[in-house]
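Novice: Sequence:
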Amino acid sequence: MPELPEVETVRRGLIPLVVGRRVLGVTVRERRLREPIAPGGLRRLRGVRLTGIERRSKYLLFGTDAGLTLLVHLGMTGQLCVCDRGRPRRAHEHVVLRLDDGRELRYADARRFGMMRLLDSEGLHRHPRLSGLGPEPLGGSLDAAVLHRATRRLTKPIKNFLMDTRAVAGVGNIYACETLHRAGIRPTRPVGRLSRAAWEAVVGSLRQVLHEAIEAGGTTRRDFLNAEGNPGYFAVSLRVYDRAGKGCGRCGAVIKRIVQAGRSTFYCPRCQR
DNA sequence: CTGAGCACCTGAGGGC
DNA sequence: TGCCCTCAGGTGCTCA
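Our numbering applies: residue -16 is where the first sequence begins, and numbers increase by one.
It is worth saying that the hints were derived from the structure and are not from the lab. There may be inaccurate statements among the hints.
[As the list claims (entries may be wrong)] Here are the simulated EDC-like pairs of lysine to aspartate or glutamate, each with C-alpha atoms no more than 20 Å apart in a straight line: (1) Lys239 <-> Asp225; (2) Lys139 <-> Glu183; (3) Lys139 <-> Asp126.
Construct the entire structure; sequences and hints are all you get.
Specialist: Below is the structure:
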């Protein structure tokens, strides 16, 4: 489900539902996530008040009045939603936080590639998954000139570079493909051979496509659920991703699928050079 | 340094 | 109808 726009959509949807709420109880039904939940690892959540939700890359950070932060990653299939206590359990609901308004925050994740961990401010600060992240694509720190200068000697394909979280945070497979189509750049191009102007196009396209997806409610895939647990819909129209064999909307050429670093890449062989 | 390959898991979809 | 195969939004490891 979640790339950055989906995670941001979940964040925005959850804020009015959970911020200000006190956690009355925590149930962990399945601790074997990608990073297993330690026994009692979420126990200290009981009694705290949730004070805000931040996002870093595809991680959600739930702040609390106890100085603890609940770090959540949705992996490939993770879902977070707030619902009434009586709502029937869905499959793979691994963690439930009981809130003081009679509702529950539920974490479900079929493939269990996600994570959920409670950290104090020190643990959060030095957490390797967060400390190694590159600049946020939607923050002010992503800079085409800096990227251009930093990549002069690199031969890695631009698509793989975009998906390297140490270089740029939070760019997944879908938006890497979509960004490069908009920028008119072939995914296999070595980063070291991108001109300054090409970098401007990449950064501009990345920001644009992420903004559009967030504006549209972040829905790119079928199993997206919004914060109230209702299914989303295909609100974002993808121009190349999962469109192999179909026509490019800009030039009509047939979109190709290749594999890079084990992931599918989709691109238009005519308008991406 | 690079990237290929694999690992973690379940489920959807296509072909037969 | 069902079985078997491939593939999937993420991340992180080993290995060559």
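Novice: Please go over all the hints and tell whether each is borne out by the structure.
Specialist: Hints and how they fare:
1. Restraint check: the Cα-Cα separation between Lys239 and Asp225 comes to about 10 Å, which is no more than 20 Å; the hinted pair holds.
2. The straight-line distance between the Cα atoms of Lys139 and Glu183 is roughly 18 Å, inside the 20 Å bound, and the hint therefore holds.
3. Distance restraint check for Lys139 and Asp126: the Cα-Cα separation of roughly 19 Å lies within the 20 Å cut-off, and the hinted pair is therefore satisfied.
Consistency with the previously given hints is maintained throughout, with no hint failing.
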